[in-house]
Amino acid sequence: NAGVTQTPKFRILKIGQSMTLQCTQDMNHNYMYWYRQDPGMGLKLIYYSVGAGITDKGEVPNGYNVSRSTTEDFPLRLELAAPSQTSVYFCASSYSQGAGEQYFGPGTRLTVT
Amino acid sequence: GENVEQHPSTLSVQEGDSAVIKCTYSDSASNYFPWYKQELGKGPQLIIDIRSNVGEKKDQRIAVTLNKTAKHFSLHITETQPEDSAVYFCAASTQTGANNLFFGTGTRLTVIP
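Those protein sequence lines, which keep their order, are chains A and H. Note that the numbering used here gives residue 198 to position 73 of the first sequence, counting from 1, and the numbers run on in steps of one. Note that the numbering used here gives residue 121 to position 107 of the second sequence, counting from 1, and the numbers run on in steps of one.
Isolated chain H (complex conformation):
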């Protein structure tokens, strides 16, 4: 099955700086790569996703890049704010069958005011 690795496990940045989280995947058939944000005591919430037919997608301060050849994708958050502090998970899916998601182990982002 798919194996998703995520780095770093923890990340601290000063408010206003950028944060980058990286993931690699193993199954070349994966074609859907979402990023979820999990705040304390809550379930994960989708913040951005990318499909394999594009290399980059941006939504305000958040962007995701995908390199299918190298099998890695990254989340970029610019102008970080304290409310960005959370655990971020990457995931991968082949979007076949039941659209099962394979998750990375998470990155705890702390934005220091």
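Chain A extracted, bound-state conformation:
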């Protein structure tokens, strides 16, 4: 059981470039989440999904897109990278609404210059 895996671990982008952050979980969890963590701040929710084919915006969705074609995968897309998107991105999953615990991946550190 690998849990939640994320790729890549690190990435440097130039302003205006695009990229996809990959997230996969093997726990058959229905719920998946994308957070960003800025220095000295807590995690902010970008997007979430309650099941395959269903996604919704969190607190800070601008500049990002997601899709959920399978239960396992929840990629995050940055279309036009901006310096404000420099952050550490975490993917998480949980079994259900009432289960409580969210399981986090190891994170992707993204720098936009």
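Keep in mind that a hint or two might mislead.
As the list claims (entries may be wrong) - Computed beta-carbon distance windows for the label pairs:
1) H:Q28 to A:S143: 48 to 58 Å
2) H:S23 to A:F135: 21 to 31 Å
3) A:A127 to H:E53: 39 to 49 Å
4) H:V34 to A:E204: 38 to 48 Å
5) A:P186 to H:S23: 40 to 50 Å
6) H:L54 to A:T195: 28 to 38 Å
7) A:N187 to H:Q74: 41 to 51 Å
8) A:S143 to H:Q74: 40 to 50 Å
9) H:G15 to A:E204: 39 to 49 Å
10) H:G69 to A:R202: 36 to 46 Å
11) A:Q142 to H:G69: 45 to 55 Å
12) H:D41 to A:M166: 13 to 23 Å
13) A:G128 to H:K71: 37 to 47 Å
14) H:G55 to A:Q147: 16 to 26 Å
As the list claims (entries may be wrong) - On the chain H side, residues computed to face chain A include the following (Cβ under 10 Å):
15) V18
16) Q20
17) P22
18) S23
19) A43
20) Y46
21) Y50
22) Q52
23) G55
24) G57
25) C104
26) A105
27) L115
28) F117
29) G120
Keep in mind the hints are simulated off the structure, nothing from the lab. Given the structure is predicted, the values throughout are model-derived calculations rather than measurements. Glycine included, each C-beta is placed from N, C-alpha and C at the ideal position.
Dock chain H against the given chain A, drawing on the hints supplied.
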């Protein structure tokens, strides 16, 4: 939306002493309060959680207390050890919809041997 405040931002204690981290929340509908530990270069990991129908929960050296009237909850670590050094985050959730978590800004705990 929910606003979670966390104090202190940094905390240094001598090994064997106790550490206390405090959080307040704004949404009276929140009923689930987890605490996450984040070690360097890793994703957050749940260490303890409490639901609004209890006032205190303990797991070995870790305890969490909740005061719903005052809308605050605290993490207590006794007999601290160097391996307790990490960043700790509190969070709150209403456990409705997608179980979205609202995080505090984190406390960097350093246990001095």
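Next on the checklist: Taking 40 to 50 Å as the stated bounds, is the beta-carbon spacing between S143 of chain A and Q74 of chain H within them?
Outcome noted: holds (47 Å)
Checklist entry - Against chain A, with CB atoms and a cut of 10 Å, does the hint on L115 of chain H hold up? => result Constraint on L115 of chain H satisfied, holds at 6 Å.
Item to check | Assessment of proposed distance window 37 to 47 Å (beta carbons of G128 of chain A, K71 of chain H) | outcome: Given about 24 Å between the Cβ atoms, the range is violated.
Next on the checklist: Just to be sure I understand the hint, the distance between the Cβ atoms of S23 of chain H and F135 of chain A should be within 21 to 31 Å; is that true here?
Outcome noted: Between S23 of chain H and F135 of chain A, where Cβ atoms are some 26 Å apart, the hint holds.
Next on the checklist: For the hint 39 to 49 Å, verify it against the beta carbon of G15 of chain H and that of E204 of chain A.
Outcome noted: violated (25 Å)
Next on the checklist: Tell me if the beta carbons of Q142 of chain A and G69 of chain H are separated by a distance inside 45 to 55 Å.
Outcome noted: holds (51 Å)
Checklist entry - Taking 10 Å as the limit, does the beta-carbon of A105 of chain H come near enough to a beta-carbon in chain A? => result holds (8 Å)
Checklist entry - Taking the least C-beta to C-beta distance, is A43 of chain H closer than 10 Å to chain A? => result Hint on A43 of chain H: violated, closest Cβ of chain A at ~14 Å, above 10 Å.
Next on the checklist: Hint Y50 of chain H vs chain A: min CB-CB distance below 10 Å?
Outcome noted: holds (8 Å)
Checklist entry - Does F117 of chain H pass the interface check with chain A, least Cβ-Cβ distance below 10 Å? => result holds (3 Å)
Next on the checklist: Within 38 to 48 Å: is that where the Cβ-Cβ distance between V34 of chain H and E204 of chain A falls?
Outcome noted: holds (44 Å)
Item to check | 36 to 46 Å as the expected CB spacing between R202 of chain A and G69 of chain H, which holds or is violated | outcome: This hint holds: roughly 44 Å between Cβ atoms.
In summary, the numbered hints that this structure violates are 3, 5, 9, 13, 17, 19.
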